[in-house]
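Visitor: Residue-level listing of the chains:
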Amino acid sequence: MRVGLIEHPPWVIRANGEPRGVEVELVRQFANELGTTPEWHWGGAQQQMEALEHYGLDLVIGGFTSRSPWKDYVGFTAPYFEESIRVAAPPGTSVKTVKGVQVIAEDDWAASLLQEEGATVIRVNQIQSVTGPVAAADWRLQTLNVTNTDIELDRVKHVMAAPPGENGFIKRLDEFLHQKRPSLVSMLQQEASQNEIAR
Amino acid sequence: MKLPGDPFRLPPDKRPASDRAKRLEWLTIIFILSIIGVISAVMGASQTMKAMWVEDVLSLIPPIAFLVGRYFSDKAPDQQFLYGYRRTVSIAFLSAATALLGLGLYVLIDSVAKLVFGEAPTIQTVELFGHRVWLGWLMIAALIYSIIPPLILGRMKLPLATELHDKALQTDANINKGDWLAGLAGIFGIVGIAYGYWWSDSVAAILISAEILRDGISDMRNSIAQLMNRRPTSVDGKEDDPVPAKIEEELQRLSWVKKARARLREDGDVLTGEVFVVPQDEHSLLDRLQQATDVAHRVDWRLYDVNVVPVRSLEP
Chain V
5 MRVGLIEHPP
15 WVIRANGEPR
25 GVEVELVRQF
35 ANELGTTPEW
45 HWGGAQQQME
55 ALEHYGLDLV
65 IGGFTSRSPW
75 KDYVGFTAPY
85 FEESIRVAAP
95 PGTSVKTVKG
105 VQVIAEDDWA
115 ASLLQEEGAT
125 VIRVNQIQSV
135 TGPVAAADWR
145 LQTLNVTNTD
155 IELDRVKHVM
165 AAPPGENGFI
175 KRLDEFLHQK
185 RPSLVSMLQQ
195 EASQNEIAR
Chain C
5 MKLPGDPFRL
15 PPDKRPASDR
25 AKRLEWLTII
35 FILSIIGVIS
45 AVMGASQTMK
55 AMWVEDVLSL
65 IPPIAFLVGR
75 YFSDKAPDQQ
85 FLYGYRRTVS
95 IAFLSAATAL
105 LGLGLYVLID
115 SVAKLVFGEA
125 PTIQTVELFG
135 HRVWLGWLMI
145 AALIYSIIPP
155 LILGRMKLPL
165 ATELHDKALQ
175 TDANINKGDW
185 LAGLAGIFGI
195 VGIAYGYWWS
205 DSVAAILISA
215 EILRDGISDM
225 RNSIAQLMNR
235 RPTSVDGKED
245 DPVPAKIEEE
255 LQRLSWVKKA
265 RARLREDGDV
275 LTGEVFVVPQ
285 DEHSLLDRLQ
295 QATDVAHRVD
305 WRLYDVNVVP
315 VRSLEP
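Top line first, the protein sequences correspond to chains V and C.
Going by the numbering used here, the letters in the first sequence line up with residues 5 to 203, in that order.
Going by the numbering used here, the letters in the second sequence line up with residues 5 to 320, in that order.
Be careful, since some hints might not be right.
[What the hints assert, rightly or not] Computed list of lysine to any residue pairs in SDA-like fashion (alpha-carbon distance at most 25 Å, straight line):
1) Lys75(V) / Tyr199(C)
2) Lys161(V) / Tyr199(C)
3) Lys161(V) / Gly48(C)
4) Lys118(C) / Glu29(V)
5) Lys161(V) / Val137(C)
6) Lys184(V) / Glu29(V)
7) Lys75(V) / Ile144(C)
8) Lys75(V) / Tyr110(C)
9) Lys181(C) / Ser99(C)
10) Lys161(V) / Glu286(C)
11) Lys161(V) / Trp141(C)
12) Lys118(C) / Ser72(V)
13) Lys100(V) / Asp158(V)
14) Lys118(C) / Thr151(V)
15) Lys161(V) / Thr151(V)
16) Lys118(C) / Arg71(V)
17) Lys75(V) / Tyr201(C)
18) Lys181(C) / Asp298(C)
19) Lys118(C) / Phe173(V)
Please keep in mind that the hints were generated in silico from the structure rather than gathered at the bench.
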């Protein structure tokens with residue numbers, strides 16, 4: 005199985021040339037279930053998607069969401085994981101709005117959403133000790149000592165990309181990913197903590 | 005005695021049929037809206053489903069045109085619109101048919117392009133009661149649902165269309181009756197995808213859009229013909245309406261009438277226009293014309309606002 009990889013932590017991580025990450029792990033297990041082994045191909049999004057569109061690859065992963073503009077050219081799986089970017093605060097403090105408030109973010113996505121809402125973004129490499137409001141994915145916030153607020157910045161549905169019209173293959177993958185859904189949050193959290201150790 | 009400008013009133017014996025037709029048309033609209041909702045919910049990337057969606061939106065036009073027409077036909081002419089509001093229906097019909105013809109054409113071209121470029125439709129699975137179900141199966145269920153109610157309603161409406169001589173109702177009943185073929189083509193299209201024939205989706209969509217174009221063109225032709233005052237026809241449009249000839253016959257039976265010729269047009273279900281008569285002489289002409297007008301109107305219940313015009317001769 006030819007699998008195209010586009011770097012996008014924590015879904016697809018390139019560590020010393022070896023692929024790692026939540027989606028890489030899922031695809032390894034899926035290939036195993038099909039009785040085959042994945043053959044990894046690193047590349048950029050444009051190149052990988054065009055190869056997929058013309059059946060040069062069997063699968064492309066890279067943290068795609070259902071909003072991807074490639075959806076008209078390739079065949080996406082059904083959404084297998086929903087992620088919500090939220091604002092949280094240390095216990096005991098409350099945040100009603102992020103407008104004009106200093107908020108900590110550890111990735112560009114959360115940072116850009118905060119900027120749009122008029123927050124003052126403090127960009128860090130890794131959220132460690134939380135002293136004020138933070139913005140991150142819901143599964144990430146669970147690992148921090150914070151309480152959620154009602155502020156949701158965005159909500160995305162994760163998908164993988166297959167060649168167009170490979171409906172049988174996509175159905176099997178959908179079923180596999182559906183089975184794995186309960187373990188995804190812990191896989192993501194583990195990946196994030198490994199990242200921490202690596203640093 | 006009828007005066008010019010009086011609104012048309014349906015004869016009492018036709019009212020039950022008209023009320024029943026109105027109820028059935030409301031029911032049709034409700035069912036079609038629910039069908040459109042179901043189809044939208046499971047549409048996915050399927051070309052077939054896109055075509056079916058257009059087809060169903062198209063089949064909303066005739067019931068709406070019928071109901072709007074019934075509403076306006078009760079409305080009396082006023083200072084601005086001296087001939088009344090009956091033609092609103094033909095205008096509504098024409099513009100809606102034109103719009104949907106465009107949509108049908110778009111789906112046709114789009115499907116042909118997808119077929120030519122070999123674009124395979126991707127249909128995913130959805131979660132249903134904790135299971136992953138292929139969306140295609142739900143599409144088929146939606147298509148089956150889209151076939152049955154219109155088929156039944158179409159059969160119920162056809163006799164009413166004849167009784168009320170209403171072409172909007174007739175068109176509508178025919179479209180409802182004919183839709184099952186499109187639905188069946190759609191089911192074959194989706195089943196084809198399930199068995200790995202990617203092209204079956206586009207082929208089914210092409211068949212359905214051909215059906216849309218057929219319906220759209222016939223709607224357009226009918227409304228243009230009515231706006232152009234075509235010679236009245238029977239409700240199925242196949243034969244000439246016998247009423248004009250009957251009026252000529254009845255008037256010529258009057259002793260003072262030498263010759264009569266009717267020139268009528270259809271305004272929805274109503275027949276209107278002029279009857280030219282050549283009198284033997286001009287003796288008490290006004291009374292005679294009044295008598296002739298009454299005789300003409302009695303020929304058929306659909307006659308409305310018919311003017312009897314005395315002329316010296318009908319030959320050039």
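Visitor: Are the hints correct? Go through all of them and say.
Guide: Going through the hints against the structure:
1. Lys75(V) / Tyr199(C): holds, 23 Å
2. Lys161(V) / Tyr199(C): Violated, at about 29 Å.
3. Lys161(V) / Gly48(C): Holds, at about 16 Å.
4. Lys118(C) / Glu29(V): violated, 35 Å
5. Lys161(V) / Val137(C): This hinted pair holds, its Cα atoms lying about 18 Å apart.
6. Lys184(V) / Glu29(V): OK: Lys184(V) and Glu29(V) at ~11 Å, within 25 Å.
7. Lys75(V) / Ile144(C): holds, 23 Å
8. Lys75(V) / Tyr110(C): holds, 21 Å
9. Lys181(C) / Ser99(C): holds, 23 Å
10. Lys161(V) / Glu286(C): The hint is violated at about 88 Å.
11. Lys161(V) / Trp141(C): holds, 23 Å
12. Lys118(C) / Ser72(V): holds, 21 Å
13. Lys100(V) / Asp158(V): With a Cα-Cα distance of about 17 Å, the restraint between Lys100(V) and Asp158(V) holds, given a limit of 25 Å.
14. Lys118(C) / Thr151(V): violated, 50 Å
15. Lys161(V) / Thr151(V): Answer holds: Lys161(V) to Thr151(V) is near 23 Å, not above 25 Å.
16. Lys118(C) / Arg71(V): holds, 22 Å
17. Lys75(V) / Tyr201(C): holds, 21 Å
18. Lys181(C) / Asp298(C): Violated, because 40 Å separates the two Cα atoms, which is more than 25 Å.
19. Lys118(C) / Phe173(V): holds, 21 Å
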